[in-house]
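Residue numbers (the numbering used here), protein chains in the order written: chain A, 1 to 276; chain B, 1001 to 1423.
There could be a bad hint or two in this list.
Said to hold, decoys possible - Each computed SDA-like pair below joins lysine to any residue, with the alpha-carbon atoms no more than 20 Å apart:
(1) A:LYS241 x B:SER1292
(2) B:LYS1123 x B:SER1148
(3) B:LYS1268 x B:GLU1236
(4) B:LYS1175 x A:LEU225
(5) A:LYS241 x B:ASN1272
(6) B:LYS1037 x B:VAL1065
For the record, the hints were derived by calculation from the structure and aren't laboratory data.
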Amino acid sequence: MINVLFFEITVGLYAGGTLAYLGYLITSYPKAAWVGRLLLGGGFIVHCAALVLRYIEAGHVPVTSLHESLSFFACLLVGSFLLLRLYYAVEIMGAFVAPFALLLVIWAAVLPKEIIPLPALLKSWWLPIHVTFAFVGEAVFALACCAGVIYLIQERLLKSKRAAGLSRRLPSLEVLDEINYHALTIGFLLLTIGIVTGAAWAERAWGAYWRWDPKQNWSLATWLLYAILLHQRLAINWRGKKAAVMAIVGFGSVLFTFLGVNLLLHGPHTYAEWLR
Amino acid sequence: MKEIILVGLNYRTAPVEIREKIAFPEETLTHYLKALKGLSSLTEGLILSTCNRVEIYAATDTPEVGVEEIKGFLSVQHQLPLPAFEETLYVLKGEELVRHCFRVASSLDSMVVGEPQILGQIKEAYRMAHATKATSTLLNKLLPRAFSVAKRVRTETSIGNRAVSVSFVAVELAKRIFAHLEGREVLIIGAGEMCELAAQYLVREGVSTILVSNRTWERAVALAERFKGEAIPFSELGRALLRADIVITSTDAPNFVINKDMVVDILKRRKNHPLFFIDIAVPRDVDPQVNSIDNIYLYDIDDLQEVAAANIKGRQQEASRAEGIVAAAVEQFCRWYQSLEVIPTIIALKEKMERIRQKEVDKMLVSFPNLSARERQAMEDLSKTIVNKILHNPITLLKKANENADGEPYVDTVKKLFSVETE
Chain A
1 MINVLFFEIT
11 VGLYAGGTLA
21 YLGYLITSYP
31 KAAWVGRLLL
41 GGGFIVHCAA
51 LVLRYIEAGH
61 VPVTSLHESL
71 SFFACLLVGS
81 FLLLRLYYAV
91 EIMGAFVAPF
101 ALLLVIWAAV
111 LPKEIIPLPA
121 LLKSWWLPIH
131 VTFAFVGEAV
141 FALACCAGVI
151 YLIQERLLKS
161 KRAAGLSRRL
171 PSLEVLDEIN
181 YHALTIGFLL
191 LTIGIVTGAA
201 WAERAWGAYW
211 RWDPKQNWSL
221 ATWLLYAILL
231 HQRLAINWRG
241 KKAAVMAIVG
251 FGSVLFTFLG
261 VNLLLHGPHT
271 YAEWLR
Chain B
1001 MKEIILVGLN
1011 YRTAPVEIRE
1021 KIAFPEETLT
1031 HYLKALKGLS
1041 SLTEGLILST
1051 CNRVEIYAAT
1061 DTPEVGVEEI
1071 KGFLSVQHQL
1081 PLPAFEETLY
1091 VLKGEELVRH
1101 CFRVASSLDS
1111 MVVGEPQILG
1121 QIKEAYRMAH
1131 ATKATSTLLN
1141 KLLPRAFSVA
1151 KRVRTETSIG
1161 NRAVSVSFVA
1171 VELAKRIFAH
1181 LEGREVLIIG
1191 AGEMCELAAQ
1201 YLVREGVSTI
1211 LVSNRTWERA
1221 VALAERFKGE
1231 AIPFSELGRA
1241 LLRADIVITS
1251 TDAPNFVINK
1261 DMVVDILKRR
1271 KNHPLFFIDI
1281 AVPRDVDPQV
1291 NSIDNIYLYD
1301 IDDLQEVAAA
1311 NIKGRQQEAS
1321 RAEGIVAAAV
1331 EQFCRWYQSL
1341 EVIPTIIALK
1351 EKMERIRQKE
1361 VDKMLVSFPN
1371 LSARERQAME
1381 DLSKTIVNKI
1391 LHNPITLLKK
1401 ANENADGEPY
1411 VDTVKKLFSV
1421 ETE
């Protein structure tokens, strides 16, 4: 179970990265951001290695337990943030993304880590395709949500004329809104593909594209929510604060679909069901 | 032992009437540097001349003579009798000089603390002195150190990027609403000095067009011409508000020129693209209610002043952090300077002892010519061991003192006790 060791190293590196980024948020000391980037980047590499090792050991993409799903999602979240950083000078977002990723891996760390075998029925190439698209889409929505939170803080500070302190360290409103827009379009595209491939896989496995199980219903609801937001943005020029609030609400729905359904409701997407 | 001295004056010690007479024009600086190098007591020299300060850095074996020569140099070169400006001069040496140099480069000694120009100026001064071969060991260490201290201060504190003037605060805020200012259009309504200053800063940041509107058409045209912008008739203000991203108002109108309904309507027509109002008129030109609309940001003169005041306070905090960086670097430099002397002292001490030992052993061997080879060797070994044991403590102490940056008194003591000289 060397993958578990790698996973634990990841938790440590994310914790260090979180501390460094929070230090950067408080002190605006550029070295802190540098350290944060290094630790988070290092954590990401180790995390990828952990997932690959687990993939080899299990023989399928490691998303069959809540531990695996949380870990996989955290890895994609960090990866998409590191990618975003290449395009936008938004180092400070690390102070929001890193703690979130840390929270996810800590939660994953306390859950049972044994590998749950995948029923033969579900073994298919659709699994990695469906899950990867859906998860990357959700990770991108998480970034939109982070950008939205920072937007609301910056907007509040500027509107209330408290522009001398924290506001100096946050990105400009326009950059945050642009991230919101791009994350929204990309995330929506990915989620759409995720849902469609999920349906195709369901058809192969169970003989029906859509079975109205809670996960599917909530995914559809989330998809509709983002479709509305995208429409509002494109057709009636919602931007700034409204778009930021929507991105946060939308991600709330993502979280519920991702976690709430599994923990509170039942259906084929809930991991325990697979064991029966 | 050579040391660095500094003779100079700045905006605190000398009024502008004297500063302008003592300043060295940049074009002929090489000529002055050569003259400075020609002074008999100096081995290195550098001239820093800006509108706020004139400072001459030099290395010399005889500090007192050096200072007098530099004073004379200033007097002769500027054809000004020394008593006319002598009391505005300050003379610095040792640790104090190093601190001063680092603080100047880091813009902590500037009239406007944190202003970025001084670093460029001092770099240029060093470049010219270096090119004229007027610098050597000491200044070639001091100045590059000063630059790296300045760089650290700049990157590790936010002392340099806090806007403390109202016009500059406006620009700073614009950059926090818009990702970049290139290609933006700015609308000026009215006229006034602060208005123009803010517009100037914005042009420097790359805004593409300045629109000017004024109740008096001629004045609008005149101001527009100055910024190579566009004059807009006052009646067409609404159309201009559709194009602009930043609006600076400063009319002498008694009532609001821009009210909430107007802005709500315009915002819809500009597809919710943000609009930043900077109202520097008293009484105000823009209804404060405008600030409550999403995507609209309004700062009046008091708001801007408050931000500027907060920035000044922040800058003071940053300055104390910067002083910490400087202090650490000063200590490091002084240690380096002392090590210049400690190592030669140790070597001189060892050499002197070896000479004494050799001489005494030789004398002894002459007195006892019949000693066997083994006995001669034993005498050599014995004398070496005695010398090494005696020297062990003083040398360890010197080395340790060197590391702890308090070597100087020991160096002096050792030199006196053993009467050794270093070059």
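Numbered hints the structure breaks, given as an ascending list | 4
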